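Visitor: Here's the letter readout for the chains.
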Amino acid sequence: MANVSVAAEWQLLYDRYYRKPEIYQMRWKHVDLSRNKVACASFGGPIAVIRDDSKIVQLYAESALRKLRIFNSAGILLSETIWKHPGGRLIGMSWSDDQTLICIVQDGTIYRYNIHAELIEPNMSMGKECFEQNVVECVFWGNGVVCLTEGGQLFCISDFEMMKPFKLPDVPGLTEDDMLQPTCLAVREPEYTMSGTVEVLVAVGDEIFGVEEDSVQTFRVDEPSFKDSETQNDDYGNLIGPVQKMIVSPNGKFLTLFTHDGRIVVVEMETKQIAIDYSCESALPPKQMAWCGMDTVLLYWDEDLTMVGPLGDPVHYFYDEPVILIPECDGVRILTNTSLEFLQRVPDSTESIFKIGSTSPAALLYDALDHFDRRSAKADENLRLIRSSLSEAVESCIDAAGHEFDVTRQRALLRAASYGQAFCSNFQRERVQETCRTLRVLNAVRDPDIGIPLSIQQYKLLTPVVLISRLINAHHHLLALRISEYLDMNKEVVIMHWASAKITASPSTPDTHLLEILLDKLQLCRGISYAAVATHADNCGRRKLAAMLVEHEPRSTKQVPLLLSIGEEDTALVKATESGDTDLVYLVIFHIWQKRPPLEFFAMIQGRVLARDLFVAYSRCYKHEFLKDFFLSTGQIHEVAFLLWKESWDMGKNPMASKGSPLYGPRIKLIEKARNLFSQAKEHTFESKAAEEHAKLLKIQHELEASTKQAIFVDSSINDTIRTCIVLGNNRAAIKVKTEFKVSDKRWYWLKAFALATIKDWAALEKFSKEKRPPMGFRPFVEACIDADEKAEALKYIPKLSDLVERGEAYARIGMAKEAADAAAQANDGGELLERFRKTFSQNAIFDTLKMPFQGAS
Amino acid sequence: MAQIPNLENAPLNLKSIREKSQRELVNLLKDIRGTKCLVIDPKLSGSISLIIQTSLLKELGLELRHLSAEPVQTECTKVIYLVRTQLSFMKFIASHIQNDISKAIQRDYYVYFVPRRSVACEKILEQEQVHNLVTVKEFPLYMVPLDEDVISFELELSEKDCLVDGDVSSIWHVAKAIHELEFSFGVISKVRAKGKASVRVADILNRMQVEEPVNTNDVGRPEVDTLILLDREVDMVTPMCSQLTYEGLIDEFLHISNGAVEVDSSVMGAQQEGRKMKVPLNSSDKLFKETRDLNFEVVVQVLRQKAMSMKEDYTEINSTQTVSELKDFVKKLNSLPEMTRHIHLAQHLTTFTSKQSFLSQLDMEQTLVEAESYDICYEYIEEMIHKQEPLTNVLRLLVLFSVTNSGLPKKQFDYIRMELLHSYGFEHVVTLNNLEKAGLLKKQEFKSNWLTVKRTLKLIVQDTDTSRPNDISYVYSGYAPLSIRLIQQAIHSGWRPMEDILKLLPGPHLETKRSGFPSSPSVDSLHGASNGVADGRRSIVLVVFIGGVTFAEISALRYLASKEGMAYDLIIATTKIVNGATLIETFMEKLG
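Chains A and B supply the protein sequences, listed in that same order. Just so you know, we're using this note's numbering here: the first sequence kicks off at 1 and counts up by one. Just so you know, we're using this note's numbering here: the second sequence kicks off at 859 and counts up by one.
Warning: the hint list may mix true and false statements.
Straight-line distance between alpha carbons at most 30 Å, and here's what the computed DSBU-like set of lysine-lysine pairs gives [claimed, not checked]:
#1 K623(A) / K1269(B)
#2 K699(A) / K1269(B)
#3 K1300(B) / K682(A)
Just so you know, these hints were derived from the structure itself, not from any lab. Because the structure is a prediction, the values reported are computed rather than measured.
Turn these sequences into a full structure, and let the hints guide you.
Guide: As structure tokens, then:
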């Protein structure tokens, strides 16, 4: 049976099966891992290779200059560059989480490369002390690094995105005179420590120290034998050290130690309980040590790879070429000069199907499909056997398919699943589709040309979003786009990145042609930010292309600022105006205002109505003088005049300025200046005349204030000035003002009648009424008296009203209903009037009666 | 009764809009820990009072202050300015901060702009060198529901800004607010606009739909069917006339602000003299809901009837035997406070309406609108100036004169303006200039077409029965507001049949259909076919007034919506509720 061959490749460690299928034959040639320093990124990431300058190697037909080469996991060269950095030997090299290659040289300088072997400027440094002391060892974790210097000090960068190096506290024994050398280092990642900062484990002599940002603690691991015998008197005798090599498990819970006497000890870090204690054949420390998932530890000596588990005999693998262990979350990838393998524990589902002699429902289902294909009736028999647990069997097949790297086997398992599903009424059908979809994505990225050999578990941990960003970083845009489409994700990220990369990569393509190419793709995605692409084009020095691109940006809030930054001020102003968003117009105005000399600025906005009006509105509030310049330069003289006129008023209102000094002088001057400006234009003769009279009025008012010694005239109107004169009993002055401003008789009668009524000078009022026949009858007198609520006085004049309607109304207003009715009766259209009187008089009565019953209740 | 209306019966879910604003504001304020001083610009504080109770704000540990030129007096070390984007406010804020610096007081300053950040405002803060001392955020309050069917954008200066200063910020604001509504209630498919600003709003709205599309799948079937946009400029006649509905009259004489009117407590029958009290006026008050839209004459009758029937109940109570009868009586008593409130208010109003000056003012308005005799009106206005009657009243009539007559003859124009300056002072030359720029008070250059408009649209309706109205003309006792006539037509037949008349009125007009961006067109058409009748709700027409609307106009629209054969519910949105006086006041600007 076919199943046997599958399980035949497995190895048993105690009761667990392990497998290590080959994923790739390496496509590279002449790469000898032993001659090189190699950095492999987890999650199937790229491999950086550079000749190891700490080893003496023979040069074949190659340049003496070292080359940094970056391959994908299948050994296809992605990029290369020549390494000629100063700063001494390359000490550490590792990929960060965002797939930046971090290279640290002896003097602590950090060189960063992207996946295209392009140096990311600027170069960073581990700090001055590090520079002086020389780095001797680096330990990396996901996004950080710890460096050990010759002086025994520790420096740390805890986040490559911040790139802020800091010094860790000194480890006892390292920096003192005795100058012990640490035997090994390990780090526990920040996310697993109590403090949330990184913990560095340093083995010095017999002891292990845990170093954190602000503390150093001894990390005691006792010999198991001593612990049991309860005779731990001696403080040192029962320690497990000296330790030659150590690593922390991926979940930060366990620490693996390789002791001086060739034992491998795994200890739980919190409780110090020992999980594994196994004596190796060699006391020499292994060259590499790695955790395989959470269960076992791999040790590598030349030609021998040993896997040690908590129980049972270790498994040995033999290699006749150098290997590199690449830990992943669910196993270890093993890289050799010729191949890449993935060592993992056989998943439960796979085991249940393929284990020799397995009779699990899943195995029977898988077998049933085989019979079915061969048209054997046994298929039905199998199915009947597992009827009760069919859905469980289907589930296992789906799960196992997900874990397979081999496409034929994936297909076989999925077919078994869907075969079983057909007999399963209550199974969630999306599960098969979902796994198919995931596998299609995985198979696509596992293709050697892409070279990202993710397992399904890694894929889920990495998330599709990150996978896509890695793909586009490696310039696999098409695949990234297809995957986004396939998984129904936002394509914008991919297309945007593609567009930027395309612009960078095509410096010699003519703008119009490149624009066409770009637009073709950008149109795939609604709502994409053309402005962002245009910004990139501008940064690449393609201003014209940027201008063409930004034309397509529908969002004016993005378009306008960009147009400004590429110097397209005119277009920016047009676009801002079109958008109707005044805030954008202001943005443009201030930009131009700042950059251009005033006259040029004025000319630019004068023709644009909205821009001009907004500028005026702003300046009116805040930049008066500048506004005057603007009006002058654009010939709006009357506007200047208005401004001057306003200034004269402000001057009067400012209490600081008016203290003591005869202010009216400068004020009048300003108004006269305004008058002159008004008089230059025919259409402003009215304003000119008004300004002239205003100046005259101010003069008169000032004289009045001087003669009466009362500061009550300035800034009142002509009417009010006259009124004040009358109220003060200064009839002569009133008449003077009247003649000065040619106040009509009509106005004069109203004015004087009301003024006299305010001071209740009824005698004077009567005298005034008899001066001559009032030009418009006695209405002013009647109204003035009614207004002052003097019925008796009013009665003097009401009978003199010639208009009967008016007379009736007047009576009505002082509440004389009968007289009002009489007058109305005499008038021509008296009927309507009478009706109205009746209504007004009765309405008030209604309300009074209405309110009565509720008064108590409210 | 609360000043914040409960919006239970609103045809659109306006409550959700209010709650969203409330949440946003509370979150913004909560972001800042500890005690803090909230400085609000006074007008905005009115709008905010329709969103959230002051007591709720105080619970957040806030000291409340109004923004003015005076420095803020507070012990708090955190000062939050909640302001609309007016340039003048920035000077205040800057001077406050500079004042603190000179006194070595250390404080954290936050400036929250309503509805959004403004380049120009921040520029002033920069120039005053305080920009780096403040944290700037925005509170996106684009609209405030005033009542079940009325939304205000709270832009009281919009008409003046657009017509005089050419600052069209409010137009963008209106478009943005409508777009926000679309995000909640779906893309409005039919748009009818009349007037320069309205057409521009429609244009910007389309741009916004391109820039930031409303996804039709997210919001379901659009609830609003038609959008009607109208510039106030198209009809300046109506607001200049005195409103004669109950609510309109209250606004004319007592000025309703933010859904409440402030009166002397003695007016409301309270004992303490001299104290002011606020009377909320919204549809949560059942009696007010019933009477607000009626002609005031009728309101008096209605109140009288109700009072009489209550009086009878009151006397009958002595003979009441059963508990259930008692219960009924008590139930009726519940409406007693409402009754008393409106009887007091109505009586207070009659003291104004019975005044001779008001009656002659009405006379003049009528004469002008009917275009009967300009000379009488001209003389009347002249006399008003001579008597130095309140300037707003004079200007209101003068504008009505100018608008219906398409200006004043040159000689009269100059004469009346100079008389006005003589009477009220030369500082008003700017007001006159503003009105001239806005085209509200101008020199006559061509013959007025008001007569044609009036006749064609039947604006004057003889024999209007105010108690049993059969036309919108009842709100002005015989004059049917031009604005509402236009809307009436727009709802029934669109602009097409009346293009000739539209051309006689200021500004262009536009009629378009829009659509959302459905991801699958088939789904859209399916919904359109089935849902229309299913939920039994009427489609909604959103009527937007740019430049303000009066209460009487709102009443007229409500009357239209209640008429038989009307297929739509109406929601009214406006830049601000106005009347002739408040509208004129925005144009008044003194030199000094």
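Visitor: Next, verify each hint and record whether it holds.
Guide: These are the hints, each one checked on the structure:
1. K623(A) / K1269(B): Given that 30 Å is the threshold and the Cα spacing comes to 37 Å, the pair is violated.
2. K699(A) / K1269(B): holds, 28 Å
3. K1300(B) / K682(A): holds, 16 Å
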